[in-house]
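> If you want the building blocks of each chain, they are given just below.
2 protein chains.
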Amino acid sequence: MVLLEERIRKDGKVYPGSILKVDSFLNHQMDVTLLNDMGREFKNIYSDCEVNKILTIEASGIGIACITAQFFNCPVLFAKKTKTKNISGMVYKTQVKSYTHGTTYDVIVSKEFLSKNDKVLIIDDFLAEGNALLGLIDLCRQAGAEVVGCGIAIEKGFQPGSQRINNVGVRVESLAVIDSMDDGEIKFR
Amino acid sequence: MVLLEERIRKDGKVYPGSILKVDSFLNHQMDVTLLNDMGREFKNIYSDCEVNKILTIEASGIGIACITAQFFNCPVLFAKKTKTKNISGMVYKTQVKSYTHGTTYDVIVSKEFLSKNDKVLIIDDFLAEGNALLGLIDLCRQAGAEVVGCGIAIEKGFQPGSQRINNVGVRVESLAVIDSMDDGEIKFR
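Just so you know, the protein sequences line up as chains A and B, in that order. Okay, so the first sequence: first residue is 112 according to our numbering, each after it adds one. Okay, so the second sequence: first residue is 112 according to our numbering, each after it adds one.
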């Protein structure tokens, strides 16, 4: 998506260790006009698919997910990160390892809102190692829900996330795929 | 807002201790069509005000804030809850006491995205004690930003939040104000 690539080039900040900060328009401050263009693009990509629920994970996926849901006329469900040890039987639970923080946390959704009747599009802002997405796919499969695919804003194409998601049989579509960020120069696929 | 009150009556669940769960349509699963109606209503209420930024707090405020921002043609900034002790000088920081959890946490926004040029509408899903809103107002005032007002989905009118926000000179508009929930029966103002 040219518009997103241009914006990343203009306002993204590259730091050593392949860190890309896009917090001026995507995941701290959010440019809702851009999110709208992204939501429309996700709809174009998945126009042939029946989607009746969008699933994301708190916090930075929620904005894109809600704006995108307007194009699919469906509700959004966001998975919650939790440290609560004693979770009741009312939730589906999985574990996600944070590549950035080196920690593992539990992610839950209420059983009430995910079922075998759901055709789920998973939306998130970033894809790198793919651990969060694998967790969300696991939650869907525990519920018997069908995962139609994943829609990602920015994919780090030099990390294995996309391949790992494909390996569990799920389609991934990313609006901007970065192939390298060496010396602070961003190269898109 | 009649539509929201009807939805609370239909799908809200009241538990002992004046706990209202609306996670089927507002803060876990989100009915984006309803959020749209709410965003339009916030725009109607604040139509006479110049708003150039919407501020909310992660996670459950983000969806409403993003949908609402479409009506104001402005970006959304969400404050982050953090436990990181050593925050650099790059953020405004405040403390918020959680009424529900009995804990205090730090809330931050990047200094880059809040300034004296901003006219801020604060959006959140719930207002009870008002601690989160007071924290967000504090962040705005540290930045020299003007707080135009607060837009709340559901206010527990029997708790002092609204009065406490007014006491610091800020307008509060809530789409549904609950006066009592005794014996599981919700009475709106």
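None of these hints come from the bench; they were simulated from the model. Since the structure is predicted, the reported quantities are computational estimates derived from the model, not experimental observations. Worth double-checking, as some hints may not be accurate.
To be verified - Heads up, simulated BS3-like pairs for lysine-lysine below, C-alpha to C-alpha not over 27 Å straight-line:
| hint | chain 1 | residue 1 | chain 2 | residue 2 |
| --- | --- | --- | --- | --- |
| 1 | A | K204 | B | K191 |
| 2 | A | K192 | B | K227 |
| 3 | A | K222 | B | K230 |
| 4 | A | K194 | B | K132 |
| 5 | B | K121 | A | K191 |
| 6 | A | K227 | B | K227 |
| 7 | B | K298 | A | K191 |
| 8 | B | K227 | A | K222 |
| 9 | B | K121 | A | K208 |
| 10 | B | K230 | A | K121 |
| 11 | A | K191 | B | K230 |
| 12 | B | K124 | A | K124 |
| 13 | A | K208 | B | K191 |
| 14 | A | K132 | B | K121 |
| 15 | A | K227 | B | K230 |
| 16 | A | K124 | B | K132 |
| 17 | A | K192 | B | K154 |
| 18 | B | K124 | A | K121 |
| 19 | B | K121 | A | K194 |
| 20 | A | K222 | B | K121 |
| 21 | B | K230 | A | K230 |
| 22 | B | K298 | A | K121 |
| 23 | A | K124 | B | K121 |
| 24 | A | K191 | B | K227 |
| 25 | A | K132 | B | K191 |
| 26 | B | K230 | A | K194 |
| 27 | A | K121 | B | K222 |
| 28 | A | K154 | A | K194 |
| 29 | B | K230 | A | K192 |
> The structure should be examined with respect to each hint, and the outcome stated for every one.
Hints, verified against the model:
1. In summary, the hint linking A/K204 to B/K191 is supported, as the alpha carbons are separated by about 24 Å, within the 27 Å threshold.
2. Only pairs whose Cα atoms come within 27 Å are accepted, and A/K192 paired with B/K227 is rejected, the gap being roughly 34 Å.
3. At most 27 Å may separate the alpha-carbon atoms for a hinted pair to count; A/K222 and B/K230 exceed this at roughly 40 Å.
4. About 20 Å separates the Cα atoms of A/K194 and B/K132, which keeps this hinted pair within 27 Å; it holds.
5. For the given pair, B/K121 sits about 24 Å from A/K191 by alpha-carbon distance, which is consistent with the 27 Å threshold.
6. The suggested pairing of A/K227 with B/K227 is violated, with an alpha-carbon distance near 50 Å, which exceeds 27 Å.
7. With a CA separation close to 30 Å, the supplied pair B/K298 and A/K191 exceeds the 27 Å bound.
8. Between B/K227 and A/K222, the direct Cα distance comes to roughly 45 Å. Violation of the 27 Å bound is thereby established for this hinted pair.
9. A C-alpha spacing of about 38 Å is found between B/K121 and A/K208, which places the hinted pair above 27 Å, so the restraint is violated.
10. For the hint linking B/K230 to A/K121, the alpha-carbon distance of about 25 Å falls within 27 Å, and the restraint holds.
11. Using a Cα cut-off of 27 Å, the hinted pair A/K191 and B/K230 is violated, with the two alpha carbons roughly 31 Å apart.
12. A threshold of 27 Å between alpha carbons decides the hint, and for B/K124 with A/K124 the separation of about 45 Å lies outside it, so the pair is violated.
13. A hinted pair counts as satisfied when its Cα atoms are at most 27 Å apart, and A/K208 with B/K191 qualifies at roughly 20 Å.
14. Pair hint A/K132 plus B/K121 does not hold up; C-alpha atoms about 42 Å apart against a cutoff of 27 Å.
15. Distance check on the hinted pair: A/K227 and B/K230 sit about 45 Å apart at the alpha-carbon level, beyond 27 Å; violated.
16. The straight-line distance between the Cα atoms of A/K124 and B/K132 is roughly 40 Å, outside the 27 Å bound, and the hint therefore fails.
17. This hinted pair does not check out: A/K192 and B/K154 have alpha carbons roughly 32 Å apart, beyond 27 Å.
18. Restraint check for B/K124 and A/K121: the C-alpha separation of about 47 Å exceeds 27 Å, so the hint is violated.
19. The hinted pair formed by B/K121 and A/K194 fails the criterion: a straight-line CA distance of about 31 Å is larger than 27 Å.
20. Between A/K222 and B/K121 the alpha-carbon distance is near 20 Å, which keeps this suggested pair within the 27 Å criterion.
21. Among the hinted pairs, B/K230 with A/K230 is inconsistent with the structure: their alpha-carbon atoms are about 40 Å apart, more than 27 Å.
22. Distance hint between B/K298 and A/K121 is unfulfilled; the C-alpha atoms sit about 51 Å from each other, more than 27 Å.
23. Between A/K124 and B/K121 the CA atoms are separated by roughly 47 Å; this puts the pair beyond 27 Å, and the hint is violated.
24. As the CA atoms of A/K191 and B/K227 are separated by approximately 34 Å, the hinted pair breaks the 27 Å bound.
25. Taking the CA atoms of A/K132 and B/K191, the gap is near 15 Å; set against the 27 Å cutoff, the hint holds.
26. In summary, the hint linking B/K230 to A/K194 is not supported, as the alpha carbons are separated by about 36 Å, beyond the 27 Å threshold.
27. Taken as a hint, the A/K121 and B/K222 pair is honoured in the structure, with Cα atoms around 20 Å apart against an allowance of 27 Å.
28. Only pairs whose Cα atoms come within 27 Å are accepted, and A/K154 paired with A/K194 is rejected, the gap being roughly 34 Å.
29. A hinted pair counts as satisfied when its Cα atoms are at most 27 Å apart, and B/K230 with A/K192 does not qualify at roughly 32 Å.
Hint compliance for this structure: hints 2, 3, 6, 7, 8, 9, 11, 12, 14, 15, 16, 17, 18, 19, 21, 22, 23, 24, 26, 28 and 29 are broken, all remaining hints hold.
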